[in-house]
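Asks: Listed below, chain by chain, are the residues.
Number of protein chains: 6
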Amino acid sequence: MTRALFVGRFQPFHNGHLQAVKEILRDCQEAVIAVGSSQESHAPENLFTVGERIEMIYESIKEAGLAGKVLIVGIPDIKYNALWAKHLMVLSPSFDVVYSNSPLVKQLFREEGLKVRPLKMVKRKEYDGTHIRAQMLAGKSWKQLIPAAAVKIAVKIKAEERMKEVCACDKA
Amino acid sequence: MTRALFVGRFQPFHNGHLQAVKEILRDCQEAVIAVGSSQESHAPENLFTVGERIEMIYESIKEAGLAGKVLIVGIPDIKYNALWAKHLMVLSPSFDVVYSNSPLVKQLFREEGLKVRPLKMVKRKEYDGTHIRAQMLAGKSWKQLIPAAAVKIAVKIKAEERMKEVCACDKA
Amino acid sequence: MTRALFVGRFQPFHNGHLQAVKEILRDCQEAVIAVGSSQESHAPENLFTVGERIEMIYESIKEAGLAGKVLIVGIPDIKYNALWAKHLMVLSPSFDVVYSNSPLVKQLFREEGLKVRPLKMVKRKEYDGTHIRAQMLAGKSWKQLIPAAAVKIAVKIKAEERMKEVCACDKA
Amino acid sequence: MTRALFVGRFQPFHNGHLQAVKEILRDCQEAVIAVGSSQESHAPENLFTVGERIEMIYESIKEAGLAGKVLIVGIPDIKYNALWAKHLMVLSPSFDVVYSNSPLVKQLFREEGLKVRPLKMVKRKEYDGTHIRAQMLAGKSWKQLIPAAAVKIAVKIKAEERMKEVCACDKA
Amino acid sequence: MTRALFVGRFQPFHNGHLQAVKEILRDCQEAVIAVGSSQESHAPENLFTVGERIEMIYESIKEAGLAGKVLIVGIPDIKYNALWAKHLMVLSPSFDVVYSNSPLVKQLFREEGLKVRPLKMVKRKEYDGTHIRAQMLAGKSWKQLIPAAAVKIAVKIKAEERMKEVCACDKA
Amino acid sequence: MTRALFVGRFQPFHNGHLQAVKEILRDCQEAVIAVGSSQESHAPENLFTVGERIEMIYESIKEAGLAGKVLIVGIPDIKYNALWAKHLMVLSPSFDVVYSNSPLVKQLFREEGLKVRPLKMVKRKEYDGTHIRAQMLAGKSWKQLIPAAAVKIAVKIKAEERMKEVCACDKA
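Protein chains in written order, with the numbering used here: chain F, 1 to 172; chain U, 1 to 172; chain Y, 1 to 172; chain W, 1 to 172; chain D, 1 to 172; chain P, 1 to 172.
Since the hints were derived computationally from the structure, they do not count as laboratory data. Treat the hints with care, as some may be off.
Unchecked claim - Computed from the model, here is a short list of chain W residues facing chain Y with C-beta under 8 Å:
| hint | residue |
| --- | --- |
| 1 | T49 |
| 2 | E55 |
| 3 | Y58 |
| 4 | V97 |
| 5 | A134 |
Unchecked claim - Residues of chain Y placed beyond 12 Å of chain U at every Cβ, according to the derived structure:
| hint | residue |
| --- | --- |
| 6 | Q19 |
| 7 | E23 |
| 8 | L25 |
| 9 | V90 |
| 10 | M121 |
| 11 | Y127 |
| 12 | K152 |
Said to hold, decoys possible - Distance condition first, Cα-Cα at most 27 Å in a straight line; then the derived DSS-like pairs of lysine-lysine:
| hint | chain 1 | residue 1 | chain 2 | residue 2 |
| --- | --- | --- | --- | --- |
| 13 | U | K79 | P | K79 |
| 14 | F | K115 | P | K79 |
| 15 | D | K120 | D | K22 |
| 16 | F | K79 | D | K79 |
| 17 | W | K69 | Y | K22 |
| 18 | F | K69 | U | K158 |
| 19 | W | K164 | W | K143 |
| 20 | W | K79 | W | K115 |
| 21 | D | K143 | D | K69 |
| 22 | Y | K156 | W | K115 |
| 23 | F | K143 | F | K123 |
Glycine residues also receive a C-beta, built at the ideal position from the N, C-alpha and C atoms.
Just need the whole structure built from these sequences, with the hints factored in.
Replies: Right, here's the structure in full:
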């Protein structure tokens with residue numbers, strides 16, 4: 001049995017992420033999805049709370065028929081890079097290989113002696129958190145870019161409205 | 001659809017906890033298991049890391065045929081009781097009802113306006129974390145008290161040996 | 001103009017504290033009341049939130065006709081004794097003298113080069129936080145021990161009920 | 001009785017803030033002034049310590065004849081937006097309505113179910129913290145922009161000199 | 001070249017510790033002394049600040065003619081056992097072997113894959129931090145139990161007086 | 001006996017720093033080197049862990065024949081400027097004078113009542129951390145800019161490779 005780790009912030013979880021999970025599950029029996037910067041929310045770069053992100057991922061995974069093969073864990077920042085990879089290893093069930101395209105993530109796990117593999121990401125310009133949040137802010141279409149199950153949750157918590165409020169810049 | 005929250009430290013997850021999950025899933029479609037004091041480990045009262053605890057719960061849930069109905073989240077202590085219930089609500093997918101026998105947990109969630117229900121726990125003297133860790137320390141039988149899938153993990157990480165080391169009291 | 005500092009946890013603010021404030025205001029024009037362990041609440045030793053404690057003190061001070069002579073500040077613990085006195089000095093308006101009966105508080109301020117004076121406390125057995133909380137827990141009389149304005153707030157937030165819940169010991 | 005909350009960083013408390021407090025006290029009997037980012041000081045954007053800011057506000061309030069109607073509390077950042085509004089509610093006496101022009105502050109309190117009202121600010125270009133600190137840095141006039149009682153404190157702690165030092169950029 | 005790690009709290013550094021350092025330097029060319037619980041001070045169990053402890057160790061090491069063979073680092077607690085050994089490895093120059101008699105320290109380093117050796121401690125009842133602080137509290141002799149260079153510093157900071165103050169128990 | 005404090009981040013310790021230490025030791029008998037932002041590493045501005053930085057400084061100091069005159073301490077950021085100078089004073093052996101060219105550091109120590117002196121730095125464009133890291137990133141020569149003993153350690157930990165990885169910008 002091989003278990004993979006897939007690290008991201010998932011602001012929000014989109015079709016590219018789902019595609020990557022399917023790719024990973026071709027090579028490994030199980031995947032842990034680690035939701036980074038879990039303490040962040042209500043900010044232009046970090047719109048959703050970790051609870052909302054976990055719920056979006058969980059429902060998307062069920063919708064895709066992958067329930068039972070995927071575990072989700074939240075990872076708070078520790079602002080202490082030299083301990084970050086080990087910190088993630090303590091917060092997660094054990095895993096055998098890390099999937100990531102982030103050079104920092106790859107460097108930190110390699111220094112811990114772990115195997116790291118690149119992710120094949122499709123349509124990187126559209127399936128991209130920054131792009132999706134920009135579409136929300138502009139009131140343009142974004143629902144076709146994330147799984148239907150995640151759309152339902154984003155609508156329920158009024159993601160578009162929240163994005164507009166947290167991007168307005170008038171400070172007290 | 002109703003989602004329940006079940007809070008504990010799960011040091012370790014035992015047959016009584018599994019029984020309680022089954023009970024909860026009779027009333028609700030889904031359960032979130034919140035693993036408290038997630039930063040603690042390697043101590044007499046808190047033997048396992050949160051990653052180990054999540055893995056034990058996850059495998060026990062799969063073994064019991066409940067995969068896809070249960071989500072697991074780690075909850076670090078914040079040493080700030082007045083914010084604890086809200087903190088848990090941010091770290092978890094949304095839920096409708098809280099199951100707990102802890103008066104403090106019940107009080108904190110009630111002050112947040114949430115519904116709280118008691119847990120029916122069976123064989124409370126045997127199915128009890130403190131008792132199970134004491135059996136490990138004494139080198140007595142404990143494997144029949146936790147799910148077989150959890151036993152496998154506890155054995156792999158040498159839980160008995162760790163319990164004996166962290167209970168030895170010679171300080172530097 | 002002389003401004004005094006008066007440090008305590010005020011769980012809750014009682015008649016002895018009010019007496020001490022009056023005493024201090026005989027020697028000094030103004031007093032800063034520093035509410036320590038401000039992050040604590042919902043615990044047997046620390047029942048009230050800092051907001052609740054500030055509100056009780058503020059209303060008691062107004063009731064006693066001392067408004068405009070007393071400032072209240074919350075002080076979170078920093079678990080770093082060597083910085084604690086300085087930390088308090090940063091969180092508070094400047095002051096000239098410290099009133100306290102705590103040997104540790106006195107030692108820490110003396111090491112910072114500040115003047116420290118003892119407090120004259122009356123009826124120390126009755127006008128005592130631990131005693132008052134024990135009376136709440138036992139359902140015995142406590143309302144005569146704290147200012148009327150503070151009683152009103154304690155009743156509104158159901159202090160007795162909270163004390164009973166947080167002292168119950170059944171853990172999850 | 002209605003109590004209002006007024007949130008800001010008050011770097012420093014200026015005539016526009018004082019005007020706003022008077023405005024608020026036309027609608028409400030009492031106001032809590034919440035001094036945000038309380039841990040910050042000695043930086044170009046955050047010049048004064050929270051103790052200094054509280055002292056400036058307190059003296060300005062007394063000077064304006066409003067003592068006894070205004071309470072001041074310091075609020076440390078928690079870098080955890082989803083808990084920030086609740087955190088403020090724990091640190092402050094209870095309040096009925098929030099006055100703010102910050103979209104983020106308004107969004108966070110609205111998600112907690114609180115009433116939020118806009119602030120009428122006068123002369124927004126002059127009565128502005130950033131502008132006042134820039135005047136200090138340039139050695140230009142700023143004393144007419146903040147209450148006389150606050151000027152006295154700013155002069156005593158040598159605000160101009162501190163502003164110049166913390167804006168100099170030579171790093172070790 | 002072999003570098004050893006020697007972990008303790010050194011409250012205070014005594015003759016037994018010095019003896020142990022000499023012992024270690026028979027097997028290894030260099031030693032790192034890691035001063036744990038560095039944030040603690042002014043408490044019955046943790047009397048000295050980390051700066052005071054480093055100064056006592058440094059002067060004792062010079063007095064013993066070992067300067068240039070010993071490095072001293074402070075280690076703040078992280079209240080996160082699973083990361084503690086790695087945390088220490090990040091804060092210290094690299095080392096090849098750990099000397100400790102603490103079962104927890106030994107267990108945590110062994111789980112990181114490090115070599116651990118026991119310390120030979122002499123006169124364990126007298127050369128013992130708890131005993132030495134108890135002697136200070138009682139006003140009995142303690143100066144013969146720690147190196148002369150450390151005595152000088154302890155006297156300068158009035159260790160006896162501080163011990164008596166922080167052990168007095170009258171709370172505010 | 002006079003002991004000096006020399007504060008920096010030392011990313012990495014270079015010939016200009018070593019020159020400054022020698023300069024300081026002409027006026028003072030001993031120097032404490034305080035390594036700031038100790039929790040940072042693996043970032044473009046903060047490449048090395050504090051353990052690595054201490055090791056580089058320690059070996060360079062030995063190489064320069066100054067062992068026994070220099071002590072090294074790590075200083076974690078506290079993000080609380082008003083306490084920073086005092087925090088450093090707690091983490092370090094006592095000192096008599098501070099050497100720094102940072103206006104903020106100088107301002108904070110002056111407010112604590114300490115004597116501050118400027119550093120004479122030579123070849124400031126070349127002997128400069130930012131410049132040295134840029135050379136590493138570009139694969140250009142940097143070894144002549146830092147002490148030979150520090151080069152050896154930087155090579156062992158593959159500093160160039162790490163710099164390139166942490167500067168690559170592809171985020172997960």
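Asks: Compare the structure with each hint and give your call.
Replies: Okay, the hints, checked on the actual structure:
{"no.": "1", "hint": "T49", "in the structure": "holds (5 Å)"}
{"no.": "2", "hint": "E55", "in the structure": "holds (4 Å)"}
{"no.": "3", "hint": "Y58", "in the structure": "holds (6 Å)"}
{"no.": "4", "hint": "V97", "in the structure": "violated (16 Å)"}
{"no.": "5", "hint": "A134", "in the structure": "violated (25 Å)"}
{"no.": "6", "hint": "Q19", "in the structure": "holds (29 Å)"}
{"no.": "7", "hint": "E23", "in the structure": "holds (32 Å)"}
{"no.": "8", "hint": "L25", "in the structure": "holds (31 Å)"}
{"no.": "9", "hint": "V90", "in the structure": "holds (20 Å)"}
{"no.": "10", "hint": "M121", "in the structure": "holds (28 Å)"}
{"no.": "11", "hint": "Y127", "in the structure": "holds (26 Å)"}
{"no.": "12", "hint": "K152", "in the structure": "holds (19 Å)"}
{"no.": "13", "hint": "K79/U with K79/P", "in the structure": "holds (20 Å)"}
{"no.": "14", "hint": "K115/F with K79/P", "in the structure": "violated (35 Å)"}
{"no.": "15", "hint": "K120/D with K22/D", "in the structure": "holds (11 Å)"}
{"no.": "16", "hint": "K79/F with K79/D", "in the structure": "holds (16 Å)"}
{"no.": "17", "hint": "K69/W with K22/Y", "in the structure": "holds (21 Å)"}
{"no.": "18", "hint": "K69/F with K158/U", "in the structure": "holds (26 Å)"}
{"no.": "19", "hint": "K164/W with K143/W", "in the structure": "holds (16 Å)"}
{"no.": "20", "hint": "K79/W with K115/W", "in the structure": "holds (23 Å)"}
{"no.": "21", "hint": "K143/D with K69/D", "in the structure": "holds (26 Å)"}
{"no.": "22", "hint": "K156/Y with K115/W", "in the structure": "holds (21 Å)"}
{"no.": "23", "hint": "K143/F with K123/F", "in the structure": "holds (15 Å)"}
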